[in-house]
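Engineer: Residues per chain are reported as follows:
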Amino acid sequence: MTIEAPPAAGRAVEEEIAAPPGRGGSSRDRLRHGALAVWSALALLYLFIPIFIVVLFSFNDNQGRFNFTWQGFTLRHWTDPFADPDLARALVNSVEIALISMAIATALGTFMAMALVRYRSRGRSAIDFFVFMPLASPEVVLGASLLAMFLTLNINTGFVTIVIAHVMFTVSYVVVTVKARLEGMDRHIEEAAMDLGASEWTAFRKVTLPMIFPGVAAAAMLSAAISFDDYVITAFNAGQTQTFPLFIFGATRQGVPAEVNVLATMLLVVVLILMGLNVMVQRRLARRDRAAQPA
Amino acid sequence: MAATQAEADIHLDGVSKRFGDMTAVDDLTMSIPRGSFFAMLGPSGCGKTTTLRMIGGFEDPSEGKVFLGGSEVTQLPPYKRDVNTVFQSYALFPHLSVERNVAFGLERKKVGKAEALKRANEALELVQLGHLGKRKPAQLSGGQQQRVALARALVNRPRALLLDEPLGALDLRLRKQLQIELKRIQQDVGITFVHVTHDQEEAMSMADTIAVMNGGRIEQAGSATELYERPRTAFVANFLGISNLIEAKVTGDQRVATHDGVALHAPECAGLIGDVQIGVRPEKITLILDGEPVPDGSNVLRGKILVAAFLGVSIQYVIQAAGGEELTVFAQNTDGTEAFGAGREVQLVWKPEHTFVVQRG
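Protein chains in written order, with the UniProt record's numbering: chain A, 1 to 295; chain B, 1 to 361.
Derived by calculation from the structure, the hints in this document are not laboratory data. Note that this is a predicted model, so its numbers are computed, not measured.
The list that follows gives simulated cross-link-like pairs (lysine-lysine, DSSO-like), each with its CA atoms no further than 27 angstroms apart: (1) Lys134(B) with Lys206(A); (2) Lys134(B) with Lys109(B); (3) Lys118(B) with Lys80(B); (4) Lys206(A) with Lys113(B); (5) Lys134(B) with Lys113(B); (6) Lys110(B) with Lys134(B); (7) Lys109(B) with Lys206(A); (8) Lys206(A) with Lys110(B); (9) Lys351(B) with Lys249(B); (10) Lys118(B) with Lys206(A); (11) Lys80(B) with Lys206(A); (12) Lys206(A) with Lys136(B).
Below, a sample of chain A positions facing chain B; criterion: calculated Cβ distance under 7 angstroms: (13) Asp195; (14) Leu196; (15) Pro210.
Over 12 angstroms on every C-beta distance to chain A, these chain B residues come out as not near it, computed from the model: (16) Phe67; (17) Ile185; (18) Gln187; (19) Glu226; (20) Gly271; (21) Glu292; (22) Phe310; (23) Glu326; (24) Gly336.
Cβ atoms here follow ideal geometry from the backbone N, Cα and C, with glycine treated the same way.
Let's have the full structure, built from the sequences with the hints guiding it.
Structural biologist: Right under this line is the structure:
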């Protein structure tokens, strides 16, 4: 996942900065800058309040089945977050599904992107279209049609069908991300590797993969995140298997245990760390690539 | 071209390459002798790079066969061919240090890592970059990157080195310098160089043999002198240097008449009949004022000076010939006299053996 400011907002900021001083006086400029700052703060607040509430209510000393009103501070939910065995099972399932489908989708999607960028085959635009379709079609439709397919083929829904479904729609994200990276790469570099005695596979391993690695890593993280997060498609194809989103959704009907907040907070921390790592890696690779442009 | 297939390092036999409806290379047959510096020269789109890529294994010929050192390699992938390429974009591996770039080919041949690095550094010494081995390619200038690409190819001691416009991305001064260096390295290592370029001066200054390509075919191949002094087609005459071409007819043995009826002596016109063009290089022509005597046996055309430009080492004249065409004349500034002024009537005089004749295209 590359972390980017929304383009429109970024441009607005640039224009503000680029606006020539003088006309309208500096007080008006200051006013505009101030207004922008307040506006940005409000937007960020809007984005982060729900997350803040989730974290806060993991420390709520709630009585009864609901965790919606603040009743005082406690650490008791943190002492044993995996107390509910169903919740723990659901979380483990989600992590496993995310990792397995990430591995499959990343491998599959990377090679598909290679094929689409490197080979001018006849059906290329058709394949491009089909790769893009899962991104554009409603999840309800995807989920329902996958279920219909599994039923027709007499496959029992469960862990395996969730993985199959997740690979199916995350692979599109991988293809799109890796393709963008490959298109920016001088294809003579691969030819140079083969020219110097590397077989196709060695050239891929020693040259292409290290060069497109930022794209592949971003794609892998993206697909894991989407898989972990998915509710709709999973709900259709889960059978008896519980995932973390399914568990939470089910739990809200009888009252949400505060352990959900605890686990969500833990996940948030993990995700923040991963995002930080991602930004660091991307920056380093970007520096390497920027420098790679011939003078 | 004289080399037989046995002593040829690289031999193409009836090779064609089509991309859809477009024929990039058209039934090309040629031999490149061992140890020669061979240039393929032509405008962009003439098929020279495609030909090189077929030798390197990056394109499959639509028809015909490719031989390296006498054995057929038409179907072999690049990594099974004993040739190495220097790409126009250099195509260095940005994630590897310079010495690892150069060692890449040796590592693929299972040369030990220490030995590979040692030889890589020797190759870098050869191109005078021994001190930059630890850097990343991005930290080098364009000219340095070009030398790394050269070292990376040469270190494998290939049968032949293929150079695809290797100096195209460099500025003029650096290009001149590297032309000389390339020639020196080729003489040092003694392997066959096949050089693709659109720069006639580059080809003439470096290559033993130049093949001028146009429309997927070789128009003419030979030494720079042969191509310059005795071009066989109008395309070659115009692509190498400046030519004065005049429409004419063959009238007899070694005799031609220009379209406006001037009889000229052309010893080179053997085998040609009917409509031709005769040509003469600008520096071969001497200007003599109207009415003054000319040496016996010379070819003479009459004309009027349109422009006289003093360039120091020479004077460049543009002259309107009596037949209407504009001809260029370079007069060596050997005695420091004033140039003839514009508007003067002059005689353009040259020796018959300097006349070349091409079939009208």
